[in-house]
Amino acid sequence: MTANSEEQLLVSLLKASSRGSIEMTMILSENGTPVAYESDNKYYDPEYVATAAAVISGAVSSVMELLNAKGYKQVSVDLGDGRKLLIRQYKKQQKLYLVCLTNTNPNLGFIELLLEEHLPK
Amino acid sequence: MVDTVVTLSNGLVSFALVGLFLLFRRGKKTTPQQTRAEEQAQKNSEALPPKTGGDAETKPTGPEGPVRFASLGELASAIGAKHLILFNQYGIPIESYNVREGRGISVPLAEFVSTMRKLSPDFDSIVSGDGRKIILSSIEKVGDIEVFALAVGDSEMKVKADEAREFLKAYLSESLGRRK
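Chains as they are written, first to last, in this note's numbering: chain A, 1 to 121; chain B, 1 to 180.
Since the hints were made in silico from the structure, they are not lab data. Bear in mind that the values here come from a model prediction, so they are computed numbers and not experimental data. Where is the CB? At the ideal position from N, CA and C, for every residue including glycine. Hints are not guaranteed to be accurate.
[What the hints assert, rightly or not] Below 25 angstroms or equal to it, Euclidean Cα-Cα: the simulated PhoX-like pairs (lysine-lysine) are:
| no. | chain 1 | residue 1 | chain 2 | residue 2 |
| --- | --- | --- | --- | --- |
| 1 | B | 169 | A | 15 |
| 2 | A | 15 | A | 73 |
| 3 | A | 42 | A | 84 |
| 4 | B | 141 | A | 91 |
| 5 | A | 15 | A | 84 |
| 6 | B | 141 | B | 160 |
| 7 | B | 141 | B | 169 |
| 8 | B | 82 | B | 118 |
| 9 | A | 73 | A | 42 |
| 10 | A | 92 | B | 141 |
| 11 | B | 169 | B | 158 |
| 12 | B | 158 | B | 118 |
| 13 | B | 82 | B | 160 |
| 14 | B | 141 | A | 121 |
| 15 | B | 82 | B | 169 |
| 16 | A | 73 | B | 141 |
| 17 | A | 73 | A | 91 |
| 18 | B | 160 | A | 15 |
| 19 | A | 42 | A | 15 |
| 20 | B | 169 | B | 133 |
| 21 | A | 121 | B | 133 |
[As the list claims (entries may be wrong)] Just a few of them, taken from the derived set where beta-carbon distance is under 10 angstroms, the chain A residues facing chain B:
| no. | residue |
| --- | --- |
| 22 | 17 |
| 23 | 19 |
| 24 | 107 |
| 25 | 110 |
| 26 | 112 |
| 27 | 114 |
| 28 | 121 |
Take the sequences, apply the hints, and build the full model.
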């Protein structure tokens, strides 16, 4: 993993500020390479998570192209156990994405506010 | 002699029962969370700036620097609100204190704000009576999300609506991990 201090600082800040609502957060490149990663759960493999997230974001981007849509702000995947996987474009030019995996009962209002505050406009 | 002793005992028992009843009622009214919040709020309220007349803008600072609230409960107690909820323009609750069914309150409030803005696009806040019992106000915009707050007090709040908004802004900044 090629951890950049700015990206690593961001994922750490997001997780620490989420009051326990975020279990895992990561920044990855378009091709599924993890750039920064933060999680207390040792069972998550950043490589696998990054690959899965890249596949999802790639599929959504293809659908957007088919629909002639300008783009998307966030992809939200509701997992069966109540957790949510949120994918947002982080830096468009560098084609980086931010992924958050929430806990089973997340405070989505606060998480979205955090992302809005800290992600570049 | 025996009669006197019996009378005294009855009096003591009655006194003890009244005492217990009062203690029970007091214990029932305040949850441990509220009590802790109120204790901390008391400390913070000592650090609040003295009230100034007129409409001068109030900075959320005390004699020893900015006033900080460790929780929304503390802030609620400091401003004298019994119920406090933060929510966004879509009616999604962000945080609340002493509010059950947050979404059941925030959704109609967001609809109310939206309706008011159709009638008056610059609608920003609404306060009841002298502005010290119920405050519904826009706090600030964070990116595309606008944060609103509803504060409801049992009686007069300790601060004016503008001051309450400043404290909520400061609390939000702290919660979001903004760098100074």
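Against the structure, the hints:
1. B:169 with A:15: Status holds; Cα separation ~22 angstroms.
2. A:15 with A:73: holds, 20 angstroms
3. A:42 with A:84: holds, 19 angstroms
4. B:141 with A:91: holds, 22 angstroms
5. A:15 with A:84: holds, 14 angstroms
6. B:141 with B:160: Holds - the C-alpha atoms of residue 160 of chain B and residue 141 of chain B are around 21 angstroms apart, at most 25 angstroms.
7. B:141 with B:169: Holds. Residue 141 of chain B to residue 169 of chain B sits at ~10 angstroms (cutoff 25 angstroms).
8. B:82 with B:118: Distance of about 30 angstroms is beyond 25 angstroms: violated.
9. A:73 with A:42: It is violated: about 29 angstroms lies between the C-alpha atoms, which goes past 25 angstroms.
10. A:92 with B:141: holds, 23 angstroms
11. B:169 with B:158: holds, 17 angstroms
12. B:158 with B:118: This hinted pair is violated, its Cα atoms lying about 32 angstroms apart.
13. B:82 with B:160: Given that 25 angstroms is the threshold and the Cα spacing comes to 15 angstroms, the pair holds.
14. B:141 with A:121: holds, 13 angstroms
15. B:82 with B:169: holds, 19 angstroms
16. A:73 with B:141: holds, 18 angstroms
17. A:73 with A:91: holds, 12 angstroms
18. B:160 with A:15: violated, 35 angstroms
19. A:42 with A:15: holds, 15 angstroms
20. B:169 with B:133: Holds, at roughly 19 angstroms.
21. A:121 with B:133: violated, 37 angstroms
22. 17: Hint holds; residue 17 of chain A Cβ to chain B Cβ min 4 angstroms, cut 10 angstroms.
23. 19: Hint on residue 19 of chain A: holds, closest Cβ of chain B at ~8 angstroms, below 10 angstroms.
24. 107: holds, 7 angstroms
25. 110: Result: holds, 5 angstroms to nearest chain B Cβ.
26. 112: This interface hint holds because 6 angstroms falls under the 10 angstroms limit.
27. 114: holds, 6 angstroms
28. 121: The hint holds - residue 121 of chain A has a Cβ within 10 angstroms of chain B, the shortest such distance being about 6 angstroms.
Hints 8, 9, 12, 18 and 21 from the list above are not met by this structure, while the remaining hints are.
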